[in-house]
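Asks: With chain W held as given, fit chain R onto it using these hints.
There are 2 protein chains.
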Amino acid sequence: MTRLINQVDAIVADGLDGFCAANSDTLVLGEGGKFVCRRKTVPHKVAVIGGGGSGHEPLDIGYVGHGMLDAACPGGVFFSPTSDQMIDAVEAVAGDAGVLFIVKNERADVMNFDHAAEIVSEHQHEVRIVRVCDDLAGGADSAAARRGAAGTVIVQKIVGAAAEEGTGLAELQALGDKVNANTRSIGVAMRGPTAHDTTEPGFEVSEGELAFGVDIRGKPGSVRALGGADAIADKMVAAILDDLDASSGDVLFLVNGFGGTPVIELQVIYAAARRLLEGRGLNVARSLVGGYVTSLDMAGCSLTVTKLEDDMARLWDAPVHTPALRWRM
Amino acid sequence: MTRLINQVDAIVADGLDGFCAANSDTLVLGEGGKFVCRRKTVPHKVAVIGGGGSGHEPLDIGYVGHGMLDAACPGGVFFSPTSDQMIDAVEAVAGDAGVLFIVKNERADVMNFDHAAEIVSEHQHEVRIVRVCDDLAGGADSAAARRGAAGTVIVQKIVGAAAEEGTGLAELQALGDKVNANTRSIGVAMRGPTAHDTTEPGFEVSEGELAFGVDIRGKPGSVRALGGADAIADKMVAAILDDLDASSGDVLFLVNGFGGTPVIELQVIYAAARRLLEGRGLNVARSLVGGYVTSLDMAGCSLTVTKLEDDMARLWDAPVHTPALRWRM
Numbered sequence: 001m002t003r004l005i006n007q008v009d010a011i012v013a014d015g016l017d018g019f020c021a022a023n024s025d026t027l028v029l030g031e032g033g034k035f036v037c038r039r040k041t042v043p044h045k046v047a048v049i050g051g052g053g054s055g056h057e058p059l060d061i062g063y064v065g066h067g068m069l070d071a072a073c074p075g076g077v078f079f080s081p082t083s084d085q086m087i088d089a090v091e092a093v094a095g096d097a098g099v100l101f102i103v104k105n106e107r108a109d110v111m112n113f114d115h116a117a118e119i120v121s122e123h124q125h126e127v128r129i130v131r132v133c134d135d136l137a138g139g140a141d142s143a144a145a146r147r148g149a150a151g152t153v154i155v156q157k158i159v160g161a162a163a164e165e166g167t168g169l170a171e172l173q174a175l176g177d178k179v180n181a182n183t184r185s186i187g188v189a190m191r192g193p194t195a196h197d198t199t200e201p202g203f204e205v206s207e208g209e210l211a212f213g214v215d216i217r218g219k220p221g222s223v224r225a226l227g228g229a230d231a232i233a234d235k236m237v238a239a240i241l242d243d244l245d246a247s248s249g250d251v252l253f254l255v256n257g258f259g260g261t262p263v264i265e266l267q268v269i270y271a272a273a274r275r276l277l278e279g280r281g282l283n284v285a286r287s288l289v290g291g292y293v294t295s296l297d298m299a300g301c302s303l304t305v306t307k308l309e310d311d312m313a314r315l316w317d318a319p320v321h322t323p324a325l326r327w328r329m
Numbered sequence: 330m331t332r333l334i335n336q337v338d339a340i341v342a343d344g345l346d347g348f349c350a351a352n353s354d355t356l357v358l359g360e361g362g363k364f365v366c367r368r369k370t371v372p373h374k375v376a377v378i379g380g381g382g383s384g385h386e387p388l389d390i391g392y393v394g395h396g397m398l399d400a401a402c403p404g405g406v407f408f409s410p411t412s413d414q415m416i417d418a419v420e421a422v423a424g425d426a427g428v429l430f431i432v433k434n435e436r437a438d439v440m441n442f443d444h445a446a447e448i449v450s451e452h453q454h455e456v457r458i459v460r461v462c463d464d465l466a467g468g469a470d471s472a473a474a475r476r477g478a479a480g481t482v483i484v485q486k487i488v489g490a491a492a493e494e495g496t497g498l499a500e501l502q503a504l505g506d507k508v509n510a511n512t513r514s515i516g517v518a519m520r521g522p523t524a525h526d527t528t529e530p531g532f533e534v535s536e537g538e539l540a541f542g543v544d545i546r547g548k549p550g551s552v553r554a555l556g557g558a559d560a561i562a563d564k565m566v567a568a569i570l571d572d573l574d575a576s577s578g579d580v581l582f583l584v585n586g587f588g589g590t591p592v593i594e595l596q597v598i599y600a601a602a603r604r605l606l607e608g609r610g611l612n613v614a615r616s617l618v619g620g621y622v623t624s625l626d627m628a629g630c631s632l633t634v635t636k637l638e639d640d641m642a643r644l645w646d647a648p649v650h651t652p653a654l655r656w657r658m
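Chains W and R, in that order, give the protein sequences.
At position 120 of the first sequence the residue is numbered 120 (the numbering used here), and the sequence of numbers has no breaks.
At position 228 of the second sequence the residue is numbered 557 (the numbering used here), and the sequence of numbers has no breaks.
Same shape as in the complex, but just chain W (with noise of 0.2 Å):
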């Protein structure tokens, strides 16, 4: 397929000018293209940074700004970025609160952050980090084995809420780490995402078939006939609540589109899955729909659902001011 590039590997580098020329108002490029930061940095707040491969747009670069991130580092497409990159980020945007990285727990992202953090603490910044890990593809048993997935939003934004209200670091970890703990995410695919080295798809499944338990970078999972939108999501709310400990409370709710599905396609799984969320006590009590953690042009979408407890609700609504999610200000 034609794509709308010029060189391969120039890709993440021509996408990173747009974006920054696209939102110049609130954003800067730091040198070398390694991060993309906040214009004006927040003293005495604790630094919110996250980073992760691109190709996931709007993740990370697209949650920066008031509200949520003071620092995104993008890596290649589907390549976690480096521990320079990180850093550079910490030393361009840090004041004297401390550094809170919000990393999806893929094994280079963990590796290359956790090297950062090494780093920079012995330039005294005292460095936190909480690892995203809320994917149920694979059907991993055990938090450390889940990798991160559309619910890196969500952490993003309540911790970036309570980073900009002043909360300290240590709180802000652990607030993280619940969040984490509350959320969990699947995903299902019809189609993979296209690299932009190959003119192929990565995977296809057939007609009436769906890849189920597919990650952002576009591993399949296992391939299974569901049937239509109801029963697709009857299969993906079982998953979720077989896992996270939900039968009543308020949820925060996530369809999030891949990249290549229609928005009405989303529309018809929220409102088929909201249902089923609401027939097993569930009260859904926010909602987002669209593409916010993409994985190129994939075909497919993920579900996330997050139980909202103590401040998360308010720290939801909190004012945010970013590309991809803005609200309230």
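Hints were generated in silico from the structure; no laboratory data involved.
Label-pair distances were calculated between CB atoms; the ranges are: (1) R:610 <-> W:40: 28 to 34 Å; (2) W:95 <-> R:610: 38 to 44 Å; (3) R:413 <-> W:107: 54 to 60 Å; (4) W:42 <-> R:503: 41 to 47 Å.
These stretches of chain W come out as covered by chain R in the derived footprint (C-beta under 8 Å, 3 or more residues): (5) 18-31; (6) 189-200; (7) 290-296.
For glycine and all other residues, C-beta sits at the position ideal for the given N, C-alpha and C.
Replies: Below, chain R alone, put in the same frame as chain W:
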């Protein structure tokens, strides 16, 4: 390809159910699913109403809310809504200040909105119509022959902001006509939308080629080999500036994804096209990059340029709170 739907003929109804449930804090679904409107109507304000075929989400239903539309009427997928939908929408939201229809210049849409305007005029509502015809697809030389595309969102936003401030009907119509006259769009695609009653995309071009001048319903235009993003942007910007009389001053620049293109490619095209616009003496004063007017899962994008004259930039910046556009609230 497997789709995330139940019955094909229930897609629009199922999608509206999901959409309205997800946005129930601000929006309601009209009786029989004929329209979506604000939960709270605003007295003594011109009622601004849009509508058109479904499959272009978030257009039009996603732009209902404070600062944009009062109601929107969704038709079948790529099919015009019927006159009774608009008539019911008017009865639900119109006060004593009149009604403005913002209509994409498509034959059936125009006919049905015209008919509805005739009927509601008999019911003591003063009605004016703004036809949006920004789309250069097909190389249409006259405004009357051009169809409505992503520029619709810009007309809705600027006119909606003025309506919220209490601007009168005749002045709103003149404003809408002027924004439309100042706006041109051109689209390209590599793969057409896959209708839900078929298994294959409407069209696919060969590697290295593009359908140039695709319209938002997936009519492919002419197939050409243009090269990479820089060359593609060059042809698109040239098409717009050949028709739009703009060689200096501020413009609003929208890069719109059609539903199946990775966000990072939209950012690459934005960077390339912005450089070209600036090279032609224009100042890109406002930008928007994302899937604002889709065509199901069509892979491709459109560029839209609006010359910002008079009060347009201020009205663009005014507070807006809709599912798909939100800022400064």
